[in-house]
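So you can see what is in the structure, the chains are spelled out below.
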Amino acid sequence: MSDVKKFLYLNRRAPYGTIYALESLEVVLIGAAFEQDVSLAFVDDGVFQLTNGQNTDGIGVKNFSPTFRALGDYDVQKLFVERESLEERGLSEDDLMEIVYEDEDDDWAEKPAIHVISRAEMADVMADADVVLSF
Amino acid sequence: MKIGVLVSEGPYTHQAADSAYKFVTAALAAGHEVPRVFFYHDGVNVATRLSVPPQDERHIQRNWTALAKDHGVDLVVCIAAAQRRGMLDENEATRQGKDANNLAEGFRISGLGQLIEMGIQTDRLVTFGD
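Going down the list, the sequences are from chains A and B. Everything in the first sequence is counted per this note's numbering, starting at 5 for the first residue and increasing by one. Everything in the second sequence is counted per this note's numbering, starting at 3 for the first residue and increasing by one.
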C-alpha cells in the first residue's frame, strides 16, 4: 500500500460565527507538510468561506479568507464546491474568490483550484477519500 | 484494526467526549488498537484537571486519564486550540509567563501534525463532534 493517503477536509459551516472554519484551515496548513493527497470540499454554509469581499471589521474577528488564496503555495490544489449549496444560498461561481495554483507538470501554468461540482459528484469525492476530517 | 479518534466538542456541553470514551473502551475490548485520541476545537477542554462535576455525575477527564493509564492510549491535545482556550501544561505555562497550569495527567499537548500522522498511520479515523 502506498504511503500517500487521500485526505479530504470537509467544510460545512460559515466562516464566522464559530471557529470551525478557521481551525479547519489551520489543520490544512499544517497537514500540507505531510505530502498527502489533499482535497478541500465546501458544502452547506461552508461555501460562504470562499466568497469574495469578506469584511470582518464589524465583528472584531480576523478575516482569514486571504489565506485560501495562498493554498497553492502549500501544494493544496483541489477545492471542490457543491453547486447545489451555492444555488440554495443565491450564490454562483462568480461570487467566489479566484484561487489558483501553479501546475508543475505544465510549465508552472496557473490553473484554477476551485471546481464547482454537483451534489452527486461530491458524494463520489467523499467516497473516494481515505481520511475525511469534517468541520 | 488500528483506529484513531478525534474529539471535537467540549465536555458536558456535548455528548462527543462521552461517546468517544465509550467507543474507545468498546473498541479495545473487542481487540482493536486505539493508539491515539486527538482533542481539537472545544474538545481540548476535556483535559482540564480543574473540572469538579457533581459527585453523582460522570467525571469525563478522570475517565480519559484512567484509559490512558490502563491501555496506554496517547491522549493528545492540540496546542493551538489549547492556548486559545487557556489549556496549558507546566512547560507552556512557564514559557507564556502564566501563574498556573491545568493539564490533567495522561494528556499531552502537541501540534496538529499529530492529528495528520494519526490519519496516516491508522486504518480508520473516527470523529466525535457536530
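Since the hints were derived computationally from the structure, they do not count as laboratory data. Don't take each hint at face value.
Stated by the list, open to error - The following label-pair restraints were derived from C-beta to C-beta distances:
{"#": "1", "chain 1": "A", "residue 1": "Asp98", "chain 2": "B", "residue 2": "Gly113", "range": "29 to 39 Å"}
{"#": "2", "chain 1": "B", "residue 1": "Lys71", "chain 2": "A", "residue 2": "Gly62", "range": "22 to 32 Å"}
{"#": "3", "chain 1": "A", "residue 1": "Glu92", "chain 2": "B", "residue 2": "Asp72", "range": "15 to 25 Å"}
{"#": "4", "chain 1": "A", "residue 1": "Asn56", "chain 2": "B", "residue 2": "Gln17", "range": "49 to 59 Å"}
{"#": "5", "chain 1": "B", "residue 1": "Leu52", "chain 2": "A", "residue 2": "Lys82", "range": "34 to 44 Å"}
{"#": "6", "chain 1": "A", "residue 1": "Arg73", "chain 2": "B", "residue 2": "Asn93", "range": "43 to 53 Å"}
{"#": "7", "chain 1": "B", "residue 1": "Gln98", "chain 2": "A", "residue 2": "Asp110", "range": "41 to 51 Å"}
{"#": "8", "chain 1": "A", "residue 1": "Asp111", "chain 2": "B", "residue 2": "Ala31", "range": "41 to 51 Å"}
{"#": "9", "chain 1": "B", "residue 1": "Glu92", "chain 2": "A", "residue 2": "Glu125", "range": "28 to 38 Å"}
{"#": "10", "chain 1": "A", "residue 1": "Pro116", "chain 2": "B", "residue 2": "Pro56", "range": "29 to 39 Å"}
{"#": "11", "chain 1": "B", "residue 1": "Gly113", "chain 2": "A", "residue 2": "Glu106", "range": "22 to 32 Å"}
{"#": "12", "chain 1": "A", "residue 1": "Asp48", "chain 2": "B", "residue 2": "Ala28", "range": "27 to 37 Å"}
{"#": "13", "chain 1": "B", "residue 1": "Glu35", "chain 2": "A", "residue 2": "Met130", "range": "22 to 32 Å"}
What the hints assert, rightly or not - Dumping the calculated DSBU-like pairs for lysine-lysine here, alpha-carbon to alpha-carbon at most 35 Å:
{"#": "14", "chain 1": "B", "residue 1": "Lys100", "chain 2": "A", "residue 2": "Lys9"}
{"#": "15", "chain 1": "A", "residue 1": "Lys10", "chain 2": "B", "residue 2": "Lys4"}
{"#": "16", "chain 1": "A", "residue 1": "Lys9", "chain 2": "A", "residue 2": "Lys66"}
{"#": "17", "chain 1": "A", "residue 1": "Lys10", "chain 2": "B", "residue 2": "Lys71"}
Glycine residues also receive a C-beta, built at the ideal position from the N, C-alpha and C atoms.
Okay, the hints, checked on the actual structure:
1. As the Cβ distance of Asp98 (chain A) to Gly113 (chain B) is approximately 38 Å, the hint placing it in 29 to 39 Å holds.
2. Distance hint for Lys71 (chain B) and Gly62 (chain A): a CB-CB separation of about 48 Å, inconsistent with the stated range 22 to 32 Å.
3. At about 48 Å, the beta-carbon gap between Glu92 (chain A) and Asp72 (chain B) misses the expected band of 15 to 25 Å.
4. One distance hint, 49 to 59 Å for the beta-carbon pair Asn56 (chain A) and Gln17 (chain B), is violated here, with the actual separation near 38 Å.
5. A hinted range of 34 to 44 Å holds for the C-beta pair Leu52 (chain B) and Lys82 (chain A), which are about 43 Å apart.
6. For Arg73 (chain A) paired with Asn93 (chain B), a C-beta distance near 36 Å fails the hint of 43 to 53 Å.
7. Roughly 46 Å separates the CB atoms of Gln98 (chain B) and Asp110 (chain A), a value that falls within the hinted 41 to 51 Å.
8. Range check, Asp111 (chain A) to Ala31 (chain B): about 56 Å between beta-carbon atoms, so the 41 to 51 Å window is missed.
9. Glu92 (chain B) and Glu125 (chain A) have their C-beta atoms about 49 Å apart, which leaves the hinted 28 to 38 Å range violated.
10. Roughly 55 Å separates the CB atoms of Pro116 (chain A) and Pro56 (chain B), a value that falls outside the hinted 29 to 39 Å.
11. A hinted range of 22 to 32 Å holds for the C-beta pair Gly113 (chain B) and Glu106 (chain A), which are about 28 Å apart.
12. The hint said 27 to 37 Å for the Cβ distance between Asp48 (chain A) and Ala28 (chain B), and at roughly 31 Å that hint holds.
13. One distance hint, 22 to 32 Å for the beta-carbon pair Glu35 (chain B) and Met130 (chain A), holds here, with the actual separation near 26 Å.
14. For a cut-off of 35 Å, the pair hint linking Lys100 (chain B) to Lys9 (chain A) is broken: about 40 Å separates their Cα positions.
15. Between Lys10 (chain A) and Lys4 (chain B), the direct Cα distance comes to roughly 17 Å. Compliance with the 35 Å bound is thereby established for this hinted pair.
16. Restraint check for Lys9 (chain A) and Lys66 (chain A): the C-alpha separation of about 32 Å stays at or below 35 Å, so the hint holds.
17. Simply put, Lys10 (chain A) and Lys71 (chain B) have alpha-carbon atoms about 33 Å apart, close enough for the 35 Å limit, and the pair holds.
Of the numbered hints listed earlier, those contradicted by the structure are 2, 3, 4, 6, 8, 9, 10 and 14.
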